[in-house]
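Going down the list, the protein sequences come from chains A and B.
Under the numbering used here, think of the first position of the first sequence as 1, with each following residue one higher.
Under the numbering used here, think of the first position of the second sequence as 1, with each following residue one higher.
Any given hint might turn out to be false.
Dumping the calculated EDC-like pairs for lysine to aspartate or glutamate here, alpha-carbon to alpha-carbon at most 20 Å [claimed, not checked]: (1) A:188 to B:292; (2) A:212 to B:225; (3) B:155 to B:130; (4) B:185 to A:213; (5) A:202 to B:252; (6) B:139 to B:2; (7) B:136 to B:2; (8) B:185 to A:252; (9) A:294 to B:291; (10) B:202 to A:298; (11) B:212 to A:124; (12) B:294 to A:291; (13) A:294 to B:292; (14) B:188 to A:87; (15) B:188 to B:213; (16) B:188 to A:126; (17) B:212 to A:224; (18) A:63 to A:2; (19) B:105 to B:124; (20) A:185 to B:224; (21) A:246 to A:285; (22) A:185 to B:252; (23) B:294 to A:213; (24) A:294 to B:295; (25) A:294 to B:252; (26) B:294 to A:292; (27) A:155 to A:110; (28) A:188 to B:87; (29) B:188 to A:56; (30) B:185 to A:271; (31) B:24 to B:272; (32) A:202 to B:171; (33) A:279 to A:56; (34) A:202 to B:225; (35) B:188 to B:130; (36) A:76 to A:124; (37) B:227 to B:130.
Hints in this document: simulated from the structure, not taken from any laboratory.
2 protein chains.
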Amino acid sequence: MDKILVIGTVAFDTIQTPFGKIEKALGGSATYASYSASFFSKPNILSIVGNDFPKEYIELLKKRQINLDGLQVSGKTFFWEGFYEFDMNEAKTKKTELNSLADFKLKMPDSYKNINYVFLANIDPELQLETLNQMKKPKFVVMDTMNFWITSKRKSLMDLIKKVDVLLLNDGEARQLFSTISLVKAAKSALSLGPKAVIIKKGEHGALLFTKDTHFSAPGYPLEEIKDPTGCGDCFGGAFIGYLAKTNDLSEANMRRAVVYGSVVASFNAEDFSLNRLKTLTMGEIERRYEEFKEIREF
Amino acid sequence: MDKILVIGTVAFDTIQTPFGKIEKALGGSATYASYSASFFSKPNILSIVGNDFPKEYIELLKKRQINLDGLQVSGKTFFWEGFYEFDMNEAKTKKTELNSLADFKLKMPDSYKNINYVFLANIDPELQLETLNQMKKPKFVVMDTMNFWITSKRKSLMDLIKKVDVLLLNDGEARQLFSTISLVKAAKSALSLGPKAVIIKKGEHGALLFTKDTHFSAPGYPLEEIKDPTGCGDCFGGAFIGYLAKTNDLSEANMRRAVVYGSVVASFNAEDFSLNRLKTLTMGEIERRYEEFKEIREF
């Protein structure tokens with residue numbers, strides 16, 4: 001089992017969906033990603049929180065063997081408030097307070113620099129780039145992003161895409177980034193920049209994995225009710241790289257399995273607010289749902 | 001191999017997509033459905049065209065062994081003009097001239113009444129109901145519909161759904177008909193009305209098959225370019241029931257295979273305007289793409 005470095009945000013989230021509301025709950029891309037990765041491997045967080053960050057959240061992460069040596073503490077914790085409308089497909093932002101994230105200067109613990117598996121979860125692409133540049137010899141680098149960075153830091157994002165092994169993004173972002181309605185064309189454009197694989201997350205419609213010569217389509221899990229989709233993309237990425245770090249097999253066939261594990265953990269995450277569902281999730285449940293994914297697509 | 005009755009429209013279509021335009025081309029739900037079904041079984045059309053309907057179109061259908069004894073000729077052929085915008089997901093109607101379809105009175109040839117497999121392709125639900133009532137002992141009835149009938153003839157549609165074995169509809173229609181964003185809930189509502197199975201067509205995202213206890217997710221085929229999606233839903237339905245009539249096996253496992261054959265033929269249809277791609281399609285191409293569908297979802 002290999003370790004994983006996860007850079008991203010650790011945040012307070014206030015979220016409203018048609019199914020309820022939660023205030024100042026634990027959130028952030030690095031939180032969801034590392035928590036999900038912890039079912040498979042040993043994540044190491046690189047991020048920042050404020051002095052107001054509750055000890056119980058720290059304990060929650062430590063209990064999952066998540067290393068927090070790279071978690072700085074300063075000022076106030078990054079805060080995001082958003083809501084989902086009826087269709088639950090896209091988060092609408094009500095308020096963003098960057099707080100300590102605004103002055104976040106990377107301080108990479110020496111123990112992190114030799115880590116083989118790197119997940120650049122959603123955060124400013126310049127921080128993602130800087131992180132990558134400090135790694136000694138990363139074996140496998142996965143990056144995620146979001147529409148905000150596609151609009152505001154397109155150049156840095158494009159530079160970064162050229163240096164990673166796998167680009168993760170959702171269908172709307174893929175269409176936006178490569179100016180095409182066709183996901184197949186978007187994926188080909190992405191692959192032409194350098195990554196060995198591109199994964200397009202499609203929410204309830206599943207996920208697509210593209211490599212130069214192959215195409216894999218993972219089904220969506222038939223959840224009757226989605227309570228809160230926040231963090232599902234981060235969970236997907238965390239479980240994806242977590243499974244690869246655990247198995248240390250980067251074949252296309254194993255990446256397919258990793259995509260399904262990513263889908264499994266993301267589907268659980270949508271069942272409740274914040275990390276509430278992940279907190280009670282067991283490896284047995286993950287394996288059972290993985291088997292269900294097999295049955296769903298069998299013909 | 002069993003015969004199939006197909007009731008639906010035979011039409012002239014004028015269609016504009018971002019990839020071109022075609023004028024007064026052969027179209028209609030019964031046309032696409034029976035043409036697709038003809039790869040697997042012997043379709044019998046119940047419909048009406050005008051005196052202006054070209055002999056070459058009749059010949060085209062006859063060459064595929066499609067029985068036209070139930071094709072009436074009177075007045076002018078039903079005409080539809082529509083266009084697709086950039087996202088190609090939904091046809092926008094520019095003009096509809098019902099013409100002879102407005103006075104269409106069912107005249108069912110006696111030879112049709114004993115047919116076992118019935119496809120009620122998209123047409124006025126009252127005509128679908130009347131057709132069904134004239135069948136002696138249909139073994140398997142599949143129905144399709146469209147948003148227009150959900151709005152204008154909801155009551156007839158609901159009555160009909162109670163009498164069929166399989167309800168086919170696309171994701172937007174499922175959400176509209178059962179007033180829910182959740183496709184799982186929509187499918188459960190549909191099943192509670194009587195059908196043994198519900199199939200939700202999701203275009204590029206594939207198709208879902210729901211029965212009381214099972215769920216099947218067929219992947220979408222990664223077409224780089226969709227030239228004209230007109231008729232894809234009809235092709236899906238035609239190939240679906242065609243394969244079932246051919247194999248005469250109504251198990252859930254075989255329905256899954258039929259869903260994939262439906263997806264295969266629909267994906268070919270989107271590659272060109274009108275029936276242009278279907279005209280050159282071979283059973284060998286269908287079987288090869290069926291195998292591709294297996295590879296796409298393997299993990």
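Outcome of the hint check:
Restraint check for residue 188 of chain A and residue 292 of chain B: satisfied, since their Cα atoms lie roughly 19 Å apart, inside the 20 Å limit. Only pairs whose Cα atoms come within 20 Å are accepted, and residue 212 of chain A paired with residue 225 of chain B is accepted, the gap being roughly 18 Å. In summary, the hint linking residue 155 of chain B to residue 130 of chain B is supported, as the alpha carbons are separated by about 15 Å, within the 20 Å threshold. Note on residue 185 of chain B and residue 213 of chain A: the hinted pairing is violated, with a Cα-Cα distance of about 37 Å set against a maximum of 20 Å.
The straight-line distance between the Cα atoms of residue 202 of chain A and residue 252 of chain B is roughly 27 Å, outside the 20 Å bound, and the hint therefore fails. The straight-line distance between the Cα atoms of residue 139 of chain B and residue 2 of chain B is roughly 10 Å, inside the 20 Å bound, and the hint therefore holds. Straight-line distance between C-alpha atoms of residue 136 of chain B and residue 2 of chain B comes to about 15 Å, which keeps the hinted pair within the 20 Å bound. Distance hint between residue 185 of chain B and residue 252 of chain A is unfulfilled; the C-alpha atoms sit about 35 Å from each other, more than 20 Å.
Between the alpha carbons of residue 294 of chain A and residue 291 of chain B the distance comes to roughly 17 Å, so the proposed pair stays at or under 20 Å and holds. For the hint pairing residue 202 of chain B with residue 298 of chain A, the CA-to-CA distance comes to about 18 Å; that is within 20 Å, so the pair holds. Restraint check for residue 212 of chain B and residue 124 of chain A: not satisfied, since their Cα atoms lie roughly 46 Å apart, outside the 20 Å limit. With a C-alpha separation of about 17 Å, the suggested pair residue 294 of chain B and residue 291 of chain A falls inside the 20 Å cut-off, and the hint holds.
Taken as a hint, the residue 294 of chain A and residue 292 of chain B pair is honoured in the structure, with Cα atoms around 17 Å apart against an allowance of 20 Å. Distance hint between residue 188 of chain B and residue 87 of chain A is fulfilled; the C-alpha atoms sit about 18 Å from each other, no more than 20 Å. Restraint check for residue 188 of chain B and residue 213 of chain B: the C-alpha separation of about 10 Å stays at or below 20 Å, so the hint holds. Our distance criterion of 20 Å between C-alpha atoms is broken by residue 188 of chain B and residue 126 of chain A, whose separation comes to about 47 Å.
Distance hint between residue 212 of chain B and residue 224 of chain A is fulfilled; the C-alpha atoms sit about 14 Å from each other, no more than 20 Å. A distance of roughly 19 Å separates the Cα atoms of residue 63 of chain A and residue 2 of chain A; the hinted pair therefore holds under the 20 Å criterion. Taken as a hint, the residue 105 of chain B and residue 124 of chain B pair is honoured in the structure, with Cα atoms around 12 Å apart against an allowance of 20 Å. Distance hint between residue 185 of chain A and residue 224 of chain B is fulfilled; the C-alpha atoms sit about 6 Å from each other, no more than 20 Å.
For a cut-off of 20 Å, the pair hint linking residue 246 of chain A to residue 285 of chain A stands: about 18 Å separates their Cα positions. For the given pair, residue 185 of chain A sits about 35 Å from residue 252 of chain B by alpha-carbon distance, which is inconsistent with the 20 Å threshold. Straight-line distance between C-alpha atoms of residue 294 of chain B and residue 213 of chain A comes to about 16 Å, which keeps the hinted pair within the 20 Å bound. Only pairs whose Cα atoms come within 20 Å are accepted, and residue 294 of chain A paired with residue 295 of chain B is accepted, the gap being roughly 13 Å.
Of the pairs offered as hints, the one joining residue 294 of chain A and residue 252 of chain B holds, with about 16 Å between alpha carbons and a cut-off of 20 Å not exceeded. In summary, the hint linking residue 294 of chain B to residue 292 of chain A is supported, as the alpha carbons are separated by about 17 Å, within the 20 Å threshold. A distance of roughly 29 Å separates the Cα atoms of residue 155 of chain A and residue 110 of chain A; the hinted pair therefore is violated under the 20 Å criterion. As the CA atoms of residue 188 of chain A and residue 87 of chain B are separated by approximately 18 Å, the hinted pair is consistent with the 20 Å bound.
Between residue 188 of chain B and residue 56 of chain A the alpha-carbon distance is near 41 Å, which puts this suggested pair outside the 20 Å criterion. Restraint check for residue 185 of chain B and residue 271 of chain A: the C-alpha separation of about 15 Å stays at or below 20 Å, so the hint holds. Proximity of residue 24 of chain B to residue 272 of chain B is assessed by CA-CA distance (about 15 Å); at most 20 Å being required, the pair is judged to hold. Simply put, residue 202 of chain A and residue 171 of chain B have alpha-carbon atoms about 15 Å apart, close enough for the 20 Å limit, and the pair holds.
Taking the CA atoms of residue 279 of chain A and residue 56 of chain A, the gap is near 13 Å; set against the 20 Å cutoff, the hint holds. Among the hinted pairs, residue 202 of chain A with residue 225 of chain B is consistent with the structure: their alpha-carbon atoms are about 19 Å apart, no more than 20 Å. Proposed proximity of residue 188 of chain B and residue 130 of chain B is contradicted: the alpha carbons are some 26 Å apart, above 20 Å. At roughly 18 Å between alpha-carbon atoms, residue 76 of chain A and residue 124 of chain A fall within 20 Å of each other, so this suggested pair holds.
For the proposed pair residue 227 of chain B and residue 130 of chain B, the alpha carbon gap of about 35 Å is over 20 Å, so the pair is violated.
In summary, the structure is inconsistent with hints 4, 5, 8, 11, 16, 22, 27, 29, 35, 37 from the numbered list given earlier, while agreeing with the others.
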